[in-house]
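**Q** Throw the hints in and build the complete structure from the sequences for me.
The chain contents come next:
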Amino acid sequence: MDVAIIGIGLHRFGRSPDMSGLQQGASAVRAALADAGLSWADMQFAYGGSQDGGNADALVNELGLTGLQFTNIWNGCATGGSSLHAAYSAIKSGEYDVGVVVGFDKHPRGAFNPQPKEWGLDQWYGETGLMLTTQFFALKTQRYMHDHDITEDALIRVSEKAFKNGSLTPTAWRQQALSYEQIANSAMISHPLRKYMFCSPAEGGAALIICNADKAHQYCSKPLFLKAAAVRTRHYGSFEVFAPSQAMEVADAPTVTASEAAFEQAGIGPEDVDVMQLQDTDSGTEIMHMAENGFCEHGEQEKLLREGATGINGRLPINTDGGCLANGEPVGASGLRQVYEVCVQLRGEGGARQVPNQPKVGYTHVYGAPGISGVNIITK
Amino acid sequence: MSQQIPIHDGLFTWPATKPQLLGSQCRQCAETTFPAQPDCRSCGARETNVIELGDRGILWTWTIQTFMPKEPYHSDETPETFRPYGVGYVEMPGGVRVEARLQANSPDQLKIGMLMQLDIIPFRTEANGNQKMTFSFSPVEES
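Sequence order for the protein chains is P and V. The numbers in my numbering rise by one with no breaks, and the one at position 216 of the first sequence is 228. The numbers in my numbering rise by one with no breaks, and the one at position 95 of the second sequence is 99.
Treat each hint with caution, since some may be false.
[Said to hold, decoys possible] In silico lysine-lysine, DSS-like type, Cα no more than 25 Å apart, as pairs:
no.	chain 1	residue 1	chain 2	residue 2
1	P	104	P	392
2	P	227	P	392
3	P	315	P	176
4	V	136	V	74
5	P	234	P	372
6	P	315	P	207
7	P	207	V	74
8	P	129	V	74
9	P	129	V	136
10	V	22	V	136
11	V	115	P	207
[What the hints assert, rightly or not] Which bits of chain P does chain V cover? Going by a derived footprint, with three or more residues having C-beta under 8 Å, they are:
no.	stretch
12	145-151
13	255-264
Derived by calculation from the structure, the hints in this document are not laboratory data. Here the structure is a predicted model, which means the values were calculated and not measured. Idealized CB from N, CA, C, for every residue including glycine.
**A** See the structure below:
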């Protein structure tokens with residue numbers, strides 16, 4: 013049985029000072045229902061998650077106490093991917109025909125401050141200043157650049173593309189393109205990553221209406237199909253965030269295994285993908301994720317970036333809405349924003365940021381602490 | 005009288021003339037981890053031995069923390085007195101790469117592959133005058 017996406021909704025990312033996180037989630041659900049031409053009462057199940065915005069199932073207070081099955085999902089930055097995977101499985105099993113996946117968040121300003129005990133670590137690790145996601149991405153990027161001869165030029169070009177794409181995306185938080193020099197001269201935050209190479213925690217909501225594909229045409233003339241949903245955690249030896257030590261032999265990242273599983277489920281390969289969203293909490297991770305997801309060889313990224321291959325008109329259009337860099341990262345919503353954007357592109361509704369030649373296959377990838385990846389493949 | 009106390013028990017041998025980091029090694033698969041833990045993360049065996057990891061290692065990767073972290077960071081610095089610090093993974097002869105603060109805090113002082121020396125240093129002073137001690141690495145001067 014196939015799984016269809018028949019409605020997509022977004023509550024604009026950035027700052028919504030007059031709305032709670034939960035209200036932003038409800039706003040995204042209403043938008044997705046309107047897009048599908050359905051009502052909340054039609055929803056048979058819901059999966060949702062948020063880090064700082066409250067329990068997702070409290071959304072029924074906003075949307076209606078209809079008695080539906082509503083399960084809260086919390087899986088770090090991969091929350092959206094995990095919620096979508098749960099919904100995919102619910103439809104695949106035949107138990108339900110139509111339901112909703114939602115993510116939302118509202119973070120305070122500044123870097124995240126995770127608590128060691130919630131991650132199975134002792135307090136000293138946080139007290140002595142070793143438990144920062146920004147630090148980890150800098151440490152991984154530093155080693156990756158050393159191993160694969162990548163220079164700062166590549167880091168700058170990822171950010172340049174992100175903010176350019178953000179300037180073409182009406183729903184993006186950061187709508188101003190930044191020049192190469194502005195990025196190159198911005199403050200060094202965590203060597204080798206500068207200010208404009210990091211995304212910021214933010215606010216927003218995203219929702220999808222998921223349906224049994226056999227029944228999708230009842231609701232929607234042009235459904236999209238969720239061909240694969242895979243979530244994988246870290247293996248022994250993979251280099252991960254919040255790790256006081258690292259094995260001598262480095263194993264593949266969970267992204268590699270999630271990506272391989274998703275391609276196998278969908279029965280296609282990286283060469284078949286027309287538009288992709290790769291987790292870009294900073295410009296270094298986008299570079300590493302290009303190769304970990306199978307879209308290029310390790311070390312090939314700098315050349316691809318210089319050629320513009322990852323731009324909207326390139327052969328590997330990555331993060332067409334500006335990604336996390338231009339949209340910020342409301343953790344619960346971020347992975348579903350990626351799916352929203354890929355659906356916009358496959359429907360041909362991208363406006364100024366539309367990928368040319370009618371893309372048919374889209375790909376999304378999230379990565380989160382403490383080493384979890386979620387990959388989805390969506391087709392026309 | 006004020007005392008010097010490790011920030012957490014079991015991370016390093018101290019006081020000692022030549023302090024060592026402590027880790028655990030699996031009796032089944034011989035994989036090593038830091039800090040020491042009773043179970044093996046590699047094979048899941050429940051038999052590990054605490055071992056000394058050494059006091060010198062090779063810098064595997066590094067960065068510099070330029071802004072003062074929010075809590076749970078707990079030093080005795082203020083935003084005004086905060087001093088950027090290095091962070092790196094150091095490859096120890098005991099067979100594991102350990103994440104640590106680095107005393108060097110400028111890019112021109114740090115290079116992947118350089119030899120690093122373990123130091124046990126005061127991290128913060130408590131209200132009662134006691135000093136909490138933590139582990140850190142600094143580059144070994146070429147002679």
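**Q** Below or equal to 25 Å on CA atoms is what counts here, so check residue 234 of chain P against residue 372 of chain P.
**A** Measuring from Cα to Cα gives roughly 12 Å; hence the hint holds.
**Q** Are the Cα positions of residue 129 of chain P and residue 136 of chain V separated by 25 Å at most?
**A** Judged against 25 Å, a Cα distance of about 20 Å means the pair holds.
**Q** Measure nothing beyond the straight line between the CA atoms of residue 104 of chain P and residue 392 of chain P; if it is 25 Å or shorter, mark the hint as holding.
**A** holds, 18 Å
**Q** Within 25 Å, alpha carbon to alpha carbon, are residue 315 of chain P and residue 176 of chain P?
**A** holds, 19 Å
**Q** Holds or violated: the stretch 255-264 of chain P covered by chain V, criterion of 3 or more residues with Cβ-Cβ distance under 8 Å?
**A** Holds: 6 residues of the stretch 255-264 of chain P have a Cβ under 8 Å from chain V.
**Q** When you check the alpha-carbon spacing of residue 227 of chain P and residue 392 of chain P, does it fall within 25 Å?
**A** holds, 16 Å
**Q** Taking 25 Å as the top limit, are the C-alpha atoms of residue 22 of chain V and residue 136 of chain V close enough?
**A** Answer holds: residue 22 of chain V to residue 136 of chain V is near 19 Å, not above 25 Å.
**Q** Need the status of pair residue 315 of chain P, residue 207 of chain P: alpha-carbon distance at most 25 Å?
**A** holds, 23 Å
**Q** For residue 115 of chain V and residue 207 of chain P, compute the direct alpha-carbon distance and say whether it is at most 25 Å.
**A** Measuring from Cα to Cα gives roughly 22 Å; hence the hint holds.
**Q** Mind checking the alpha carbons of residue 129 of chain P and residue 74 of chain V for me, to see if they're no more than 25 Å apart?
**A** holds, 16 Å
**Q** Run the distance test for residue 136 of chain V versus residue 74 of chain V: straight-line Cα separation, threshold 25 Å.
**A** holds, 19 Å
**Q** Per the coverage rule (Cβ-Cβ under 8 Å, at least three residues), is the stretch 145-151 of chain P covered by chain V?
**A** Satisfied; 3 residues make the cut.
Violated hints for the displayed structure: none, as all numbered hints are satisfied.
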